[in-house]
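A.B. asks: The primary structure of each chain is shown beneath.
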Amino acid sequence: MKVTIRTPQGVQTLTTDEIAARSAELAKACPSELLCAFRVWYEGFEGYGMPTRDVISAIEQGISDSGCWTNVGPRRFEKYGVVNAYTNDNYASAAKDKDGNPMVLHQFHAGAKYQGPDGKIYWIPVVEVFDMRCFEWKDGKFVGNMVEIDPRSDYARAMVEVK
Amino acid sequence: MAKERITHSVCVGGPLTIHTVDGVIRRVRPIVLTDDDAPGWVIKAHGKEYTPQRKTTLSLLGFTEKDRTYSYDRIKYPMIREDFVETPDGQNRNTENRGKSGYRRASWDEALGLVARETKRIQETYGKEAVTAITSSHHSWGLCGYKISLFKRFFSMLGYTRIADNPDSWEGFHWGTPHTYGYYWRLGGPEPFDMLNDAMKNTETMIMWSHDPDTTRGGYSAQETTLWRWCLKEAGVQFIYIYPFNNFSSVKQADKWIGPRMGTDAALCEAIAYVWITEDTYDKEYIAKHGHRFDEWRDHILGLGPDATPKTPKWAEELTGVKACDIKAIARRWASTKTMAGSGMRGGFGGVCRTTGGTDFARLIVCLLAMQGMGKPGQNMWTGTCGGPMNYNFWFGGYSDPLSSIANAPIADHPAVNEVQQVLYRTNLPDAVLDGHYEWLGEGFCGGGLDFEFTRHVYPMPGCSEVHMFWRYGGSFMGTMLDTNKWVKMYKSPKLEFVVNQDIHLNPEGRMADVILPACTNLERVDIGEVGNSGNGGYCSHSQTGNSWQVIVYQDKAIEPLWDSRSDFWIFSQVAARLGWGEEFTEGRDEEGWVKRFYQFSDLPKHMTWEAFKEKGYYIPPVSYKEENKDPKTGLIEKWDEYPGFQWFAKEEPCNTPNHKIFQEEGMLGTLSGKFEFVSESLLYWEPDDEIRTPIAQYKDSWEGHKSMSADKFPYQMISPHPRFDYHTHYQQHATWLWEIPQNRKLINGNPYLICRINPVTAEKKGIKEGDVVKLFNGRGAVLCVAHVTRRVMPETIHAYTSSGIYNPVKYGEVMSVDKGGCVNLLTPGRLMGDYIPAMVPNSTNIDIELAEADPNPGQGFEHILDAVDAQNTFRVTKTSAEADWLFCEKEAM
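Protein chains in written order, with the working numbering: chain A, 322 to 484; chain B, 8 to 901.
You may find that some hints are simply not true.
Taking lysine-lysine pairs in the BS3-like style, the calculated list, with each CA pair at most 27 Å apart, reads [stated by the list, open to error]:
id	chain 1	residue 1	chain 2	residue 2
1	B	K668	A	K484
2	B	K330	B	K263
3	B	K613	A	K459
4	B	K613	A	K434
5	A	K462	B	K707
6	B	K623	B	K10
7	B	K159	A	K434
8	A	K434	B	K127
9	A	K462	B	K296
10	A	K441	B	K613
11	A	K349	B	K772
12	B	K321	B	K668
13	B	K623	B	K714
14	B	K159	A	K349
15	A	K434	B	K603
Since the hints were derived computationally from the structure, they do not count as laboratory data. It should be emphasised that the depicted structure is a prediction, and the values quoted were computed from it without experimental measurement.
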């Protein structure tokens, strides 16, 4: 099927297979944890205006074909609201900054609990490049004062999310 | 011998040192740093050095904290409306007399018992959602006692219909700029990080659009940044001020003042873009990399779009009243020098964004900044407030941080959760109550996502009751909301079966309540807080960078609560106890116990023991630096860890500034495309049919402006910017010496009339002279003011500050009565910006003006209610003028 799209390159007519193939490339290159067809359209294609249903279907086909994203159904994005979403199978290893280091915000989910190599469990409510502040969680409650952990430290990199 | 005690506190006017002698506060002053406090920093630029003085500053509002404490209008005792009848079904309670009736003194036991009984009755009768409550903005300071902390804990545990705040100070930016450059999590505001150093070293021009920084002070930064701007001036930076009122900052600092007709600023922006496009003086490389759909926008500017109208300076001259040559001059100056620009107190505020074209202007100024390479050294969105050096590695919560509320974990062991889903919207609360139905879009503060702007709400929610009890906490919306005669009407409605007002001072809304609960000031209780830190919870984070020093204060109790007032914590605890969940509410802690939790859950314990912190009263973290960057002679830090705002984007690098999002780490903005959107994809996605907030931001004639139908009848545009002598209805009413400032008010017959500013052309046409009493009026109300005739306002403009804490109608308690308190928000339109934009637009107000007579009486606003209590010899108020009320109060306190 042929569809017409509008991007910075102008008005183009492509087949849905071509859109899917391009989408698969874009999905492979995306370092984020969560993806949807709209994100590929706006950020990847730099598309103008709302994509048509056919374009969305082709993009979703491409994301699936990329081999590194798993469909998780409706999820909320801060930009698009609740839409059909995919999670990144290679998230932790995919996200690198310009120097090749893991991006801090990709390592931790703010508000989640993580276990350090010493077995301590921390709730991490604040995570920034500058500030990562935690509270130790023990026997179902917070204990002690606020704890600062350097998000780029070996300790932080060894922390694993726990439910 | 008198014993002097020194304590500290914080208010919106800055940090305080308080001197108390024999239990009476004698004076308040700024904090003077000691040798063991943090070393200062120094910026070296243009052969000059700038380092902050080793003391904090206070705004004039901060200096009135003592007066606020001993104010004539303190609520001294619990009071119950004298004709209130506690009927079992909530009917026949003489609600029509609210605002007229006097009060009788009650004991705490009687007042709290009544409040608890009514709360129970109403919730058992109608459901938990039948109770609603709302705070004022900033009537107190401190993480324990603040509105998102203590108030939230009580009402969340109770269960109530929350009233969503609207971003009343920066509407256009909040609802506009996220669709152009993202930053919805900063509520549309820019990144000011380390902009002071950048500007000192690199900037040549500052464009202060709709901005009076000496008056609005970056929000909570006292006069700190006044010194910064003088240093910028000394460094050779030229200042251009744009606003229809040549304001207090402009008159002393502007190299050029330009006064466009109110609400036409979007046209001015478009004409500047026209000059740049036609003269080829914008950063094409930057736009090619970072702009989205610029070509279409350029076509629109050049008249090649659907409207076929080139946005030439001549076109803009007709709309704005600014000469085309001036527009060209601004455009050329901006394009040829390194320029910082922005609007209002933190760059993304300002009166112009509270007009019907507020979102268009806000988005267009971002477009202009993008065209000149926003984020390159010296070129950014910044207006000389916030952006001072700060230690971003030191953590102490601000008032909106979820971690900094006693309603939430870990401060509380058991967080408070409101089980009621129904919400109301502040701007239209009276409509909802009176009509029994209201619908709107948006979450109020939409920091959680672009999608928050488009959520649909209906009141009452299906299956929910309307509200029947209103608990008002601090301040008066009569002076800050819209078409506020509606609030008077609402209070008289029998639908509101029970109204509680909990406040420090007898504000106008207090006089509409059935029960009044007297709270004490910050100076009469303990708390903890950082100066200017509004936190990360959906606010413009790191607002404390508006100060030269980062100051965390133990807000010690200077005196015991005066009269029968009590701390808000005590009041809520007592009601909670009467409702049967007092222990769960307090978790066994007193106020000091809660305050210590904030200390523990911050970085403070690494630097000071609890005892040392309490003893000294404050802690100042130094900026983050290496020892070799400290001058051994002066001890000043010459280089520190810097993260200049937005420069990461210009450099195409991952974001390195605090408070950012994952997609910023990936190098993108928070728009759908991740770039500057000259045609907004998010608006096309969410509301493509909105005719007010169009995908291309552009000037549109206002539905209430110089071309609207009402302009025939009401030909003047009233601008009511954020006030110089007030803060959201706080301070001015309580500190009577402020009334003696001629630029503020004029006392006639015992009433302090607000000064309004009119152009000599208007004055001559209307036969008005300097100092005359005048009536500002339109179909929504009338307000008596005193005229100040000045060329500092444009001829079609009338200036009168918003946020009057004084609402003093000639006929008290009557809807539509002429007001002589200066409550000009009575005149503002109740209509919101657009069907899809729930924003208030008080600066799109058409009015007329005429000569008037002063009312012969001082007014019931000052005497009537108090007299009713006075009759019982409980206390005396002998004067209503500015004369020495504080002396009277001080004697009584002694």
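A.B. asks: Starting from the hint list further up, note which numbers the structure goes against and sort them upward.
C.D. replies: As far as the earlier hints go, 5, 8, 9, 11, 12, 13, 14 are violated by this structure, in ascending order.
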